Every structure is written in C-alpha cells, then in structure tokens.
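Assemble the complex: chain A is given as a structure, and chain B must be docked to it using the hints.
As a plain string of letters, each chain reads:
There are 2 protein chains.
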Amino acid sequence: MEVSELDKYGICDGISEIILTSGMKNPNAAPIGLIRKDNRVFIRLYRGSTTYENVKQDEVFAANVTCDPLLFIKSTFSNLEDEDFKYHPLNSKSIPLLKNSATSVIFICDEIKHTKQAMTAEIIPMGAVANDYLPRAINRGLTAVIEAAVHATRYKLTGNNEFLDLIDRCLETTYKCGGQREKDAAEILLNEIDEIKKHVDGGKDTE
Amino acid sequence: MEVSELDKYGICDGISEIILTSGMKNPNAAPIGLIRKDNRVFIRLYRGSTTYENVKQDEVFAANVTCDPLLFIKSTFSNLEDEDFKYHPLNSKSIPLLKNSATSVIFICDEIKHTKQAMTAEIIPMGAVANDYLPRAINRGLTAVIEAAVHATRYKLTGNNEFLDLIDRCLETTYKCGGQREKDAAEILLNEIDEIKKHVDGGKDTE
Numbered sequence: 001m002e003v004s005e006l007d008k009y010g011i012c013d014g015i016s017e018i019i020l021t022s023g024m025k026n027p028n029a030a031p032i033g034l035i036r037k038d039n040r041v042f043i044r045l046y047r048g049s050t051t052y053e054n055v056k057q058d059e060v061f062a063a064n065v066t067c068d069p070l071l072f073i074k075s076t077f078s079n080l081e082d083e084d085f086k087y088h089p090l091n092s093k094s095i096p097l098l099k100n101s102a103t104s105v106i107f108i109c110d111e112i113k114h115t116k117q118a119m120t121a122e123i124i125p126m127g128a129v130a131n132d133y134l135p136r137a138i139n140r141g142l143t144a145v146i147e148a149a150v151h152a153t154r155y156k157l158t159g160n161n162e163f164l165d166l167i168d169r170c171l172e173t174t175y176k177c178g179g180q181r182e183k184d185a186a187e188i189l190l191n192e193i194d195e196i197k198k199h200v201d202g203g204k205d206t207e
Numbered sequence: 001m002e003v004s005e006l007d008k009y010g011i012c013d014g015i016s017e018i019i020l021t022s023g024m025k026n027p028n029a030a031p032i033g034l035i036r037k038d039n040r041v042f043i044r045l046y047r048g049s050t051t052y053e054n055v056k057q058d059e060v061f062a063a064n065v066t067c068d069p070l071l072f073i074k075s076t077f078s079n080l081e082d083e084d085f086k087y088h089p090l091n092s093k094s095i096p097l098l099k100n101s102a103t104s105v106i107f108i109c110d111e112i113k114h115t116k117q118a119m120t121a122e123i124i125p126m127g128a129v130a131n132d133y134l135p136r137a138i139n140r141g142l143t144a145v146i147e148a149a150v151h152a153t154r155y156k157l158t159g160n161n162e163f164l165d166l167i168d169r170c171l172e173t174t175y176k177c178g179g180q181r182e183k184d185a186a187e188i189l190l191n192e193i194d195e196i197k198k199h200v201d202g203g204k205d206t207e
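So the sequence lines, in the order shown, correspond to chains A and B. The first sequence runs 1 to 207 under full-length UniProt numbering. The second sequence runs 1 to 207 under full-length UniProt numbering.
One chain only, chain A, in its complex shape (with noise of 0.2 Å):
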C-alpha cells in the first residue's frame, strides 16, 4: 500500500488525531498524533504507556480515523470496552480495529528509534479498511473537548495549574458548541480531572 493511498482513509499531510489500537494479546486503545510528512508517516510513543509496551513488542498495530469525542476521551483516561473492539488478521495474528471507525489503517514499525523518553518509528501502511460513515460539519465543540483532554494530561504530568485554565476554555467552548456527545465526553473529562486533582494535590501534601 503507497503512502499516497492514506489520502482515502482519511490519514492526510500535517498530524492526524487517531486512535492508535495495538496489543495481539490484550486490545488497547489510545489516541494519538500520526505525523505525515513528504510521503513519509512517523509516530512518536512515549515510555511508560501500554501502547509504547505493545508496539515496541509488535510493531505492529492500527490507526483508527473517528470523530467520536467520546471514544477519544475514554481512551485518553482508560481502555475502551472489549465490545469496542473488532479483529483484523494479519500474518496468522490479529490486530486490535475500532468497530466503530471511519476507516483503520494497519501499520508495521520500521527504523524504530529509542530515546531516553520515547520510542520514535517510521510505520509502513499494510492494509486499510474502510467502514460505513457519515460526513460532519466541523464543530468547535469537538476539537475543543480533545484539546481539553490534550491538556489534562499535561496536568497529570506536571501538576501545573495554568492547565487547569485552559481546560475551562476549551469546555466552554465544548459545553457552547458541542452537540450531546461532545458534552458527554466534557464531562467524562471533568470526572477524570477530578481524581487527577487528588492526586496531584495528595502528591504535594507528601513532599
């Protein structure tokens, strides 16, 4: 499959948000920036995620295209159900699908670099399937609950409070523009940042 393919699958030049399924033995599901760039198509994992874990033991895994706010913000936060999950085979395997994607494209990992941070890898395109779908007007609401979920985990990172504030703008944004399942997935995000609080407060306490 050429790279110039990725263009009917919906992975275009620039970053594509996607959620990334891998693991031959347990599904996993998180989301992702793939960057495209001069017909080349790179990912950047960091250490520490199942994800990383899968891939580096793989290199093997799939890039689902969705505009799901909901799917994105359980993904970012926990695993996705089991009944989210549908398998493709692959040499014998099989790779972890979104069900319910627009369209998944199976990648392999080549020149696969270590950092002390992060594995970087160049992926190769192997197959793609695309699924019924419908187009959608671009909503404010839902790029700004994923910019929100962007900023939370930097919050659970570094436990800096001017997150915080930008992830009020973001859900103002969402909670202004978004359609139920935008809302939904803000307050999803809202509980999850709820229980990062207590941990990052609960971790100052005991410095």
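Simulated from the structure, these hints should not be mistaken for lab results. Certain hints may be false.
Which copy is meant is left open, because identical chains are indistinguishable; a pair holds if it fits in one copy or across any two.
As the list claims (entries may be wrong) - Computed list of lysine-lysine pairs in DSBU-like fashion (alpha-carbon distance at most 30 Å, straight line):
1) 25 <-> 113
2) 198 <-> 37
3) 116 <-> 156
4) 8 <-> 176
5) 197 <-> 86
6) 86 <-> 198
7) 8 <-> 86
8) 8 <-> 93
9) 116 <-> 176
10) 113 <-> 156
11) 8 <-> 99
The structure displayed is predicted, hence computed values, not measured ones.
Showing chain B alone in chain A's frame:
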C-alpha cells in the same frame, strides 16, 4: 425533510460550522455557525453582510458541509470564484451550492426576527445533496486556522490587539499540525490581517 435526517448530511446537534451560499442572482458564500438544538435549527446573520441581504430577500439558502480550510478562509474575507458554485433548482429558481462540499442542505426561513444588529430565523430543511467525499482524521491545524479566522473578523470589527495574540497562537498550531492546505489557508489569512491592520492603523490616525 425531517430535521432528524440532517444527521446523514453532517448537520448534527450543536453548532455546525458550515459555508452558507445564498443569492439567486449573485451567488455569495460565507462561513457561519448553524445552531441545531432540540430538533430545531436556527441561524443568526449580522446586518451589513451580503449574506444578510440575500437571505432577507430570498428567505432561502444552502448550508454546505466541508472540511476544506481554503474554502472557509477565502469565503471569510471575500467571495469564492464562480467556478466554486453549482446551482440547484428550487421552485423555478435556482439556489447556489458549493461544488466541492461533502453535502449541501437547502433551508427556507421561518419565523424571522430582526434586532438592531442582526436577524435570527428558525430554518426548515427542504432538500439535500450528498457528494462524493473522503473521511478525514481530526487535524488540530484545521480547526485552529478556522478559529483564527473568527478572531480576525473580531479584530476587524474592534481593532483590539488582543485578537492578534489569539490569532498567533492559533496559527502556531496550524503550522505545527496542519497539512499544506491548512498552511496555504494560514498564508491567505495573514495577508488579510495585514490589510485589516492598515485600516485599523489608518482609522486610528484620523481619529
């Protein structure tokens, strides 16, 4: 056509960022947020725009669903080219649609209310067209350049430099995450802002 059918054409619950085409005689295109709530759909159009004049006169328009940043940015600051439009028959007249949209939905206005600055209307879907389209992964650079355009129109109205900072922050995301089409849209936006600055500065000199 039922409001619930709009899901199929990408106009879901919440605020959909669409490109509104109007004008039975001289076609015009402008980006706008279309509000769908509790199975009703509304628009608000500000006085002084071609869209306002067209919709006030014809009481009919099309909402075009697209993720093309160039169509959004170009139609924010000027009109699109003749070749960007196509026409759809309606009651012995014809409505302009965008040729390259994913979908186009024709609405008529019901319950128009006029205020000092704007008109608001409940709008009723009359028919829809679905074109060939490809799915696209969420790209933060795409929404960022559209957010930047919203800030630019506010800067044009107010001359408030705070909007320039917000635009810078958005375009940083566009240059980092966007593809070539998002970057081209950002270039057009920056040129437009230079033009607006001249008027803002010029206006200040003569005060």
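Quiz prompt | Intra- versus inter-subunit Cα pairing at 30 Å for residue 116 with residue 176 | solution = Classified as between; 23 Å across copies, 41 Å inside a copy.
Quiz prompt | Up to 30 Å CA-CA - residue 176 versus residue 8, copy category | solution = between (32 Å within a copy, 22 Å between copies)
Quiz item: 30 Å Cα cut-off: does residue 86 pair with residue 198 within a copy, between copies, both or neither?
Solution: The answer is neither: 35 Å in one copy and 57 Å across copies each exceed 30 Å.
Quiz item: How do residue 197 and residue 86 come out at 30 Å by Cα distance, when the copy is not named: within, between, both, or neither?
Solution: For residue 197 and residue 86, neither the intra-copy (34 Å) nor the inter-copy (53 Å) Cα distance is at most 30 Å.
Practice problem: Up to 30 Å between alpha-carbons, please classify residue 8 paired with residue 93: within, between, both or neither. | Solution: within (26 Å within a copy, 36 Å between copies)
Quiz item: Are the CA atoms of residue 113 and residue 156 at most 30 Å apart within a copy, between copies, both, or neither?
Solution: So residue 113 and residue 156 pass the 30 Å test inside one copy only (26 Å; across, 47 Å).
Exercise. Up to 30 Å between alpha-carbons, please classify residue 116 paired with residue 156: within, between, both or neither.
Key: Close inside one copy (20 Å), not across copies (47 Å); limit 30 Å.
Practice problem: Evaluate residue 8 and residue 86 at a C-alpha cut-off of 30 Å and name the case that applies: within, between, both or neither. | Solution: both (21 Å within a copy, 24 Å between copies)
Quiz prompt | Same-copy or cross-copy closeness of residue 198 to residue 37 [CA-CA at most 30 Å] | solution = neither (40 Å within a copy, 36 Å between copies)
Quiz item: Given identical chains, is residue 8 near residue 99, meaning Cα to Cα at most 30 Å, within a copy, between copies, both, or neither?
Solution: both (19 Å within a copy, 19 Å between copies)
Quiz item: For the identical chains here, do residue 25 and residue 113 meet the 30 Å Cα criterion within one copy, between copies, both, or neither?
Solution: Within one copy only: 24 Å inside, 60 Å across.
Going down the numbered hints, you'll see the structure goes against 2, 5 and 6, while the others check out.
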